[in-house]
Amino acid sequence: MQPANLLLLTLVLAVVAYGLGYARSRALAMPLGGIRHLKSLPFYYGARAALWCGIPALIVLALWAAFQGKVIQMLVIGSLPPEMIPADEGSASLLLSKISNVASGALPPGFVEAPIVEAAERLKALREQSRMLMTALVVSVAVLAGFLGWLRIRPRINAREQVESILKWLFFACAALAILTTLGIIFSVAFETFRFFEKISFVEFFFGTSWSPQTALRADQVAAEGAFGMIPLFTGTLLISAIAMLVAVPVGLLSAIYLSEYANKRVRSIVKPLLEMLAGIPTVVYGFFAALTVAPFISNLAASLGIEASSQSALAAGGVMGIMIIPFVSSLSDDVINAVPQSLRDGSLALGATQSETMKKVIFPAALPGIMGGILLAVSRAIGETMIVVMAAGLAANLTANPLETVTTVTVQIVTLLTGDQEFDSAKTLAAFALGAMLFLATLLLNVIALKIVRKYREQYD
Amino acid sequence: MTDQRSQAEIVRQSLKRRYRKERRFRAYGIAAIAVALAALVILFADIIGKGYAGFMKTTLTLDVQLDGEMMYLDDATDERQLKMADFVEPLVQALIREIPSATESDRDAVRDLINPYASVTLRDALKANPEWLNTTRTMTFLAHTDVDVYVKHAGDEAYSIKLSEQQREWVDQLQEKDVVETSFNDVFFQNGDSRDPSKAGILGAVVGSLLTMFVTLILSFPIGVAAAIYLEEFAPQNKLTDFIEVNINNLAAVPSIIFGLLGLAVFINLFGMPRSVPVVGGLVLTLMTLPTIIISSRAAIKSVPPSIREAAEGIGASKMQVVLHHVLPLAMPGMLTGSIIGMAQALGETAPLLLIGMVAFIVDVPDGFFDSATVLPVQVFLWAGSPELAFIERASAAIMVLLTFLISMNALAIWMRKRLERRW
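In order, the protein sequences belong to chains A and B. Per this note's numbering, the first sequence runs over residues 2 to 463. Per this note's numbering, the second sequence runs over residues 2 to 425.
By construction, these hints were calculated from the structure, which means they are not laboratory data. Don't take every hint at face value.
Only pairs whose alpha carbons sit at most 35 Å apart, straight line, appear in this in silico DSBU-like list of lysine-lysine [what the hints assert, rightly or not]:
id, chain 1, residue 1, chain 2, residue 2
1, B, Lys240, B, Lys84
2, A, Lys362, A, Lys429
3, A, Lys71, A, Lys125
4, B, Lys303, A, Lys40
5, B, Lys200, B, Lys240
6, B, Lys419, A, Lys457
7, A, Lys266, A, Lys361
8, A, Lys362, B, Lys17
9, A, Lys99, B, Lys17
10, A, Lys266, B, Lys240
11, B, Lys84, A, Lys125
12, B, Lys84, A, Lys457
13, A, Lys273, A, Lys453
14, A, Lys362, A, Lys273
15, A, Lys169, B, Lys240
16, B, Lys240, A, Lys453
Bear in mind the structure is a predicted one, so any value in this text is a computation, not a measurement.
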């Protein structure tokens, strides 16, 4: 049975357990003289039976579904004749994809060696077995645990308390998922990053000025050794983010000031949602706009002025990214400006200052830390933005500060190195994870600082 | 006395300058808003301008002589014969008959006006109606992509370079005779991806998006709400709770591509799940949207006044009953609003899905959660990278569909906030 169907079946079983538990509690209460002699309402006895039935079965199902793929892969590899057992992970993953292609019928069996056809048959058989075993196990766990739960219904049991404490633990588990996610991110990037630094030295990665991750695929191939210096990626990312900030900060800040200090309610109610629409547009749409409209426009404009501009300029990607970030800057600044106490505003106006003087000399300095925090958050968003740069910024790792040239960014390289099939062991693939680790650390640092500034500032006036 | 007057004088004189500054400052604000709104308008105008033609297709309506001898076919019910028969020739002949200036020697140039898949359409039609053999039928076929873009962008040099001078003349003639016509592009909504732009559609990507969103919704909404309930109502004030909160706030700001790395390392490499399937996509997007949903759900729970809680507790409800029977229903509209916004974000997300392999070229419409699929934004990305103008057109049209979905989801969220949310 498919995991999705099995999930439904388990839920149905849990509902059945609920009904049976409910009925049994009533039946037990009858001879005592009605449900008022039960410790909890019949509903809670039913719910208790349903939880007993559902939770262990769901845990088994989740574990099985998560690990069956890996276990089957290991069994299939193990069953190959000894001379075919792959030496390293890279060739193992190649072999596995070959076997699964044969099994799914994408690759005709005539094209591959006999052991692989056998392995494919075995893969199919194992998948079938695993599915049946999973169904049997999950259903029997559900039925058995449900039956136990049903059997142990007594009028004296405080079912409500039990159900409530199980629920509380469930809620806690959901909240703790956030920790698990963070740990998952840290481990998944850290592990590969360590392996990357076994192959490439720290010094080369952090101080190297050339980036060309193409390594030789076969031993006899004549190819570049591959250079893994992240300086050009780093400067490219900074250049594009700086351009984005040059667009987003003035426009976002000034529109926030206008909307909070000058605009009347009607204008605000129209303009604000429109600005927020900019934030709701998917990044792939901005990327499309940058690559197919803005970049050609910039390169044509530069050509007509007699300047040379690349067809994938940093200016196009950065400018469009800036547009994307405008609502982010404006809504954060808006919050901060509104948090400045009215008394400061009134005091300044009472002294005869004009509105713009009040803004510039009183409110803005008071709001500055918060605005800086907002800008830092915006920078971290610009650094991590992917689709716009993937589509509009290009791949050439140039070390340049000229916004009309092509540069590449950390996120672009992650996507390029990891899309399509890849072996999981080459320095190329591992480099993507090392870049991911750098990106994660950089954004984390910016966010922590920004949140600290914003929070500290808020406390001053609250 | 004189001193004071001069001071007033100074102020009065400076007033003009200060008011000018005031007006200038105001103008800056208006200019900033104008820039942002202009960007929005240009963006939409650009996409609609590029994409409206994607909603139209160009067809050829031909009187096809299904001549058995010409097609090397004498029994239309015979599978083998159908496979071997020539279905291109009748189309070419029918088209040559419509073009007075074309002769037999132009047949290659004429053939290039017909879509390569038109012969398949003809074969399928004949297979379904074997009695049509040796009759003449009026049927409608897709035109070649080059003809399609030429017809839709008449007069634009960039779109006509692929046709020769002579072919362009023929197409113009055929248009006058209503053989070549444009109509609503139903193919775009009925097909998966294709190498041929005029056969390419978004159905596969839309279904893939729906499957992925379904997985995301059924996981992220319950988990997010449960986490929010725990943090707002049950969590003790301790280090662990603080740590969870710090984690959630940071995850909300982690770049989406990092979640793609997580999905690749954990779901695909550690658990051995298949690549490019909606389940893995849904799991990754769940982890990505959870912080958004948790944060908005917490805000919704916070806005329920304590008096409700106290009243329920006062008549003997347990803490869990207070939460599930009273707080949760009252906070539900706010939670739903936040979740819709989170789902809209997930629907437009592309980067993490690239890393888990949802960028494959997939022709078939996926029919399950474990079937290879792509999603709408990734489809846009794939088409946008194509050098063919016809694919750019399709990409813009797909963006329009995507934006329609997103705008209606956000409109629903705004409507719900206005209608259902109660102010206390």
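request  = With a cut-off of 35 Å on the C-alpha distance, tell me whether Lys266/A and Lys240/B pass.
outcome  = violated, 43 Å
Satisfaction of hint between Lys17/B and Lys362/A, Cα-Cα up to 35 Å = With Cα atoms ~19 Å apart, Lys362/A and Lys17/B stay inside 35 Å; holds.
query = Are the Cα positions of Lys419/B and Lys457/A separated by 35 Å at most?
reply = holds, 33 Å
ask   = Between Lys303/B and Lys40/A, does the CA-CA distance stay at or below 35 Å?
value = holds, 33 Å
request  = Given the hint that Lys240/B pairs with Lys453/A, test it: the Cα-Cα distance must not exceed 35 Å.
outcome  = Given pair Lys240/B, Lys453/A holds - Cα atoms ~18 Å apart, limit 35 Å.
query = Holds or violated: are the alpha carbons of Lys169/A and Lys240/B at most 35 Å from each other?
reply = Since the Cα atoms of Lys169/A and Lys240/B sit roughly 18 Å apart, the hinted pair holds (cutoff 35 Å).
ask   = Holds or violated: Lys240/B with Lys84/B, Cα cutoff 35 Å?
value = violated, 72 Å
message = Check whether the Cα positions of Lys71/A and Lys125/A lie no farther apart than 35 Å.
response = Answer holds: Lys71/A to Lys125/A is near 14 Å, not above 35 Å.
key: Distance restraint between Lys84/B and Lys125/A, which requires alpha-carbon spacing of 35 Å or less   = holds, 32 Å
key: Given pair status - Lys429/A, Lys362/A, alpha carbons within 35 Å   = It is violated: about 53 Å lies between the C-alpha atoms, which goes past 35 Å.
task = Compare the distance between the alpha carbons of Lys200/B and Lys240/B with 35 Å, and conclude whether the hinted pair is satisfied.
result = violated, 58 Å
query = Would the pair Lys266/A and Lys361/A pass a check requiring their Cα atoms to be no farther apart than 35 Å?
reply = holds, 22 Å
In terms of the numbered hints stated before, the structure departs from hints 1, 2, 5, 9, 10 and 12, listed from lowest to highest.
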